[in-house]
Amino acid sequence: MERRVRVRFAPSPTGALHIGGVRTALYNYLFARQHGGDMLLRIEDTDSTRFVPGAEEYILEALEWLGIGIDEGLRMNNGKIEAVGEHGPYRQSERREIYHQYVKQLLDSGHAYIAFDTPEELEAKRAEIPNFQYDARTRLAMRNSLTMPEEEVKALIDGGEKYVVRFKVEPNEDVHVHDLIRGEVVINSNILDDKVLYKSADDLPTYHLANIVDDHLMEISHVIRGEEWLPSAPLHVLLYRAFGWSDTMPQFAHLPLLLKPDGNGKLSKRDGDRLGFPVFPLEFHNQKDGSVSSGYRESGYLPEAVINFLALLGWHGTGDQEMYTMDELIKEFSLDRVSKSGAKFDYEKGKWFNHQYLQLRSNKELAQMFLPTLAANGIENPDMQMVATVIGLTKDRVNFVPELWEQTNFFFVAPTEYDEKSLKKRWKEDSPKHMTELLEVLESAPSWDAETLDGIVMPWIEAHEYGVGIVMNAFRICLVGAARGPHIWAITDVLGKDETLRRVRTALTKLG
RNA sequence: GGUGCUAUCGUCUAGUGGCCUAGGACAACGGCCUCUCACGCCGUAAACCCCGGUUCGAGUCCGGGUAGCACUACCA
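Read left to right, the first sequence gives residues 1 to 512 (my numbering).
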């Protein structure tokens, strides 16, 4: 009775893919891979009014960047969207005909009915009656096929009257939902309303109907989605039953929500710019309202860092391990180790993860990634060997690739001014004298490498009792422009003899 | 308002009745390293929501309370 594991990620193309959605996709992916099953991607675009152009491409591109592979449905292939699989189409807007027959099935079996109440009428009703709900207690007082003669219903439809199909929820029944994370959840059907399943206005089903029909037809075995869906899970159970699909109903797992780092509530798309960190994987240019939202990729995040960070927001392995590769996650992940409570989004930890993964990347690779930042600072066609070297010297002090510039700028551009604080603390009365003498010592260096320089400079300092700190810090200011940076001989090594001496002379002129 | 879910350091979490004088990580703080700034290393501070019950024994099980969150659309 073991069923092939088939899971799906089914976003709506209503904008950029929220980071919480990314985590849902990730958990689905990990679960599928672990069980040797299939990960499907389906687009749920049944609300034509909320469609945002470019959102679909964005979602697919984001998943591709993160390494969340799609086995079936829609996916990116060389920058183009492709559909793979035998259960298509994978866009709900292209599945109209499929839904028609299932709407009819429910209508014919008496599990659903046609309703003509307009949105305005319903709004008025809700204003008039507190806590109004379209259900077993009220539907007989509304304009629907339960209260109107068959001929009238037909006449209205033929006359082009807009209508919806509602699910007929039987009252007072305890509906059981078995959740893989939360256990048994019981909800009485009285609190469920007769949900709209289909709207004739745009000839499209609503989420609930489309979702159940598609999951059934696509042979989904496990529905792993956000906790916001838990309240409607009983409705879905009832729908499976109405269709006669109870025996193949997928298992449910409702994931804890991602919460705002400050205050309370679930993390929303707006929190990103408000709190100063991205809530989207990629930068998104909303073609509908012209807004631009920052993304993890553009902020300098490595995909593996985002994956690791997200994986641990709501899930934890058996030990104290924090660093996980995707393969390790696939091996270790399990739904019963997913937390039940919501997780506040901790951006600081995300930065730490990126720092860790940055150290794992090769200097050569990082040099390539650093190119745009260099270009932005006027450094074109740099010596890549040299770039890799300076990155090796400084990468352990940054969290993001672009931050490398602050650490390495002096390697590319000689200081034109000198940091005042450093000067005050490290540039002493004797410094000009020391630097002048140092110049001579360096000139006489038989070769230009750390060992040699250290071998002649240190004894010279000692012989005159100048103090290592005093001399070296002044020297550092000449080369860097401030009291910071890697080991001094590492700097001279990259700069070379000519440039090193030139910088000391310049400093001598400027600082006196 | 109704229904549901949840509840361990500031944050993410470990903990499935004795191994818990509650462990790890991020952040914070202190120290070490050192020519500087960092990194790194070492250390410190920091939590079982409350009240009952079960039990020889409860962070862990049960009940109640409280709080937070989600849902309550012809949105997903």
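The reader is advised that the hints may include incorrect statements.
What the hints assert, rightly or not - Cβ pair distances, simulated, as ranges:
1. Arg274 / Ala201: 19 to 27 Å
2. Asn78 / Lys424: 13 to 21 Å
3. Glu86 / Glu170: 57 to 65 Å
4. Lys497 / Gln356: 30 to 38 Å
5. Glu406 / Val186: 42 to 50 Å
6. Glu420 / Gly290: 38 to 46 Å
7. Lys104 / Gln251: 52 to 60 Å
8. His285 / Asp203: 24 to 32 Å
To be verified - Subject to a maximum C-alpha distance of 16 Å in a straight line, what follows is the list of computed EDC-like cross-link-like pairs (lysine to aspartate or glutamate):
9. Lys351 / Glu417
10. Lys80 / Glu61
11. Lys344 / Glu443
12. Lys260 / Asp193
13. Lys497 / Glu443
14. Lys349 / Glu304
15. Lys125 / Asp193
Please keep in mind that the hints were generated in silico from the structure rather than gathered at the bench. Ideal Cβ placement from N, Cα and C applies to all residues, glycine included.
Evaluated hints:
| no. | hint | verdict |
| --- | --- | --- |
| 1 | Arg274 / Ala201: 19 to 27 Å | violated, 35 Å |
| 2 | Asn78 / Lys424: 13 to 21 Å | violated, 57 Å |
| 3 | Glu86 / Glu170: 57 to 65 Å | violated, 35 Å |
| 4 | Lys497 / Gln356: 30 to 38 Å | holds, 37 Å |
| 5 | Glu406 / Val186: 42 to 50 Å | violated, 57 Å |
| 6 | Glu420 / Gly290: 38 to 46 Å | holds, 43 Å |
| 7 | Lys104 / Gln251: 52 to 60 Å | violated, 28 Å |
| 8 | His285 / Asp203: 24 to 32 Å | holds, 31 Å |
| 9 | Lys351 / Glu417 | violated, 31 Å |
| 10 | Lys80 / Glu61 | holds, 9 Å |
| 11 | Lys344 / Glu443 | violated, 59 Å |
| 12 | Lys260 / Asp193 | violated, 30 Å |
| 13 | Lys497 / Glu443 | holds, 8 Å |
| 14 | Lys349 / Glu304 | holds, 14 Å |
| 15 | Lys125 / Asp193 | holds, 14 Å |
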